[in-house]
Amino acid sequence: GQSLEQPSEVTAVEGAIVQINCTYQTSGFYGLSWYQQHDGGAPTFLSYNALDGLEETGRFSSFLSRSDSYGYLLLQELQMKDSASYFCALGRNTPLVFGKGTRLSVIA
Amino acid sequence: DSGVTQTPKHLITATGQRVTLRCSPRSGDLSVYWYQQSLDQGLQFLIQYYNGEERAKGNILERFSAQQFPDLHSELNLSSLELGDSALYFCASSARDSTYEQYFGPGTRLTVT
Chain S
52 GQSLEQPSEV
62 TAVEGAIVQI
72 NCTYQTSGFY
82 GLSWYQQHDG
92 GAPTFLSYNA
102 LDGLEETGRF
112 SSFLSRSDSY
122 GYLLLQELQM
132 KDSASYFCAL
142 GRNTPLVFGK
152 GTRLSVIA
Chain F
72 DSGVTQTPKH
82 LITATGQRVT
92 LRCSPRSGDL
102 SVYWYQQSLD
112 QGLQFLIQYY
122 NGEERAKGNI
132 LERFSAQQFP
142 DLHSELNLSS
152 LELGDSALYF
162 CASSARDSTY
172 EQYFGPGTRL
182 TVT
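From first to last, the protein sequence lines stand for chains S and F. First residue of the first sequence? That's 52 in this note's numbering, and the numbers climb one at a time after it. First residue of the second sequence? That's 72 in this note's numbering, and the numbers climb one at a time after it.
Watch out, some of these pointers could steer you wrong.
[Claimed, not checked] Calculated lysine-lysine pairs in the DSBU-like style (CA-CA distance at most 30 Å, straight line):
{"no.": "1", "chain 1": "F", "residue 1": "K128", "chain 2": "S", "residue 2": "K151"}
{"no.": "2", "chain 1": "F", "residue 1": "K80", "chain 2": "S", "residue 2": "K151"}
{"no.": "3", "chain 1": "F", "residue 1": "K80", "chain 2": "S", "residue 2": "K132"}
[To be verified] Pair by pair, the computed Cβ-Cβ distance ranges are:
{"no.": "4", "chain 1": "S", "residue 1": "P58", "chain 2": "F", "residue 2": "G87", "range": "37 to 45 Å"}
{"no.": "5", "chain 1": "S", "residue 1": "I158", "chain 2": "F", "residue 2": "Q115", "range": "25 to 33 Å"}
{"no.": "6", "chain 1": "F", "residue 1": "G87", "chain 2": "S", "residue 2": "R117", "range": "42 to 50 Å"}
{"no.": "7", "chain 1": "S", "residue 1": "S54", "chain 2": "F", "residue 2": "E124", "range": "23 to 31 Å"}
{"no.": "8", "chain 1": "F", "residue 1": "N122", "chain 2": "S", "residue 2": "Q53", "range": "19 to 27 Å"}
{"no.": "9", "chain 1": "F", "residue 1": "P141", "chain 2": "S", "residue 2": "E65", "range": "44 to 52 Å"}
Calculated directly from the structure, the hints in this document are not laboratory data. Each residue gets a CB set at the ideal place from its N, CA and C atoms; glycine is no exception.
Start from the sequences and build out the full structure, keeping to the hints where you can.
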């Protein structure tokens with residue numbers, strides 16, 4: 052089967068940088084995605100890593116190390132609107148398996 | 072706005088009843104996914120349809136069923152409802168070969184009383 056572990060909560064200061072980690076177990080690896088979900092809202096796609104290394108999209112970056120079964124989402128120049136839940140998910144051409152999510156609270 | 076629409080937005084019903092949730096995918100997307108999100112279980116994949124055919128099945132109860140119609144909209148039918156079925160139900164769509172990038176609808180919040 053597949054499983055993902057991520058911290059349940061993270062708190063960071065506005066303007067700072069925060070890293071949300073995700074470790075996974077899977078028999079076959081097909082890529083790691085990240086989604087953002089605000090309270091009461093729908094998950095929205097942020098980024099995807101199929102290969103090792105860093106993918107940058109504006110203030111958000113995602114990193115993958117397949118040898119360590121590990122990835123992270125890096126959020127820079129934190130804004131209050133970044134307060135949300137962040138999910139890592141496994142899969143590419145198969146239905147995604149989501150982690151339980153990390154709730155990020157950005158404080159002034 | 073993701074381009075995925077879901078109706079109704081809220082649904083309140085009693086135990087034992089049956090409800091139907093409706094989803095229209097983004098224009099051009101052939102795959103539709105249904106997810107259940109509850110506080111303790113997170114996002115749970117229920118079922119996927121691709122161009123009218125069932126493609127994959129997840130943790131979907133036998134009391135639940137779904138279908139995708141020729142115009143690609145999809146319906147999720149929930150029957151013999153129990154209190155534990157209260158949750159947010161999301162529909163998502165994706166292009167054929169990119170299930171990692173899914174576009175989620177606004178969800179239907181189901182409350183079973």
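- Query: Looking back at the numbered hints, which does the structure fail to meet, lowest number first?
  - Reply: none
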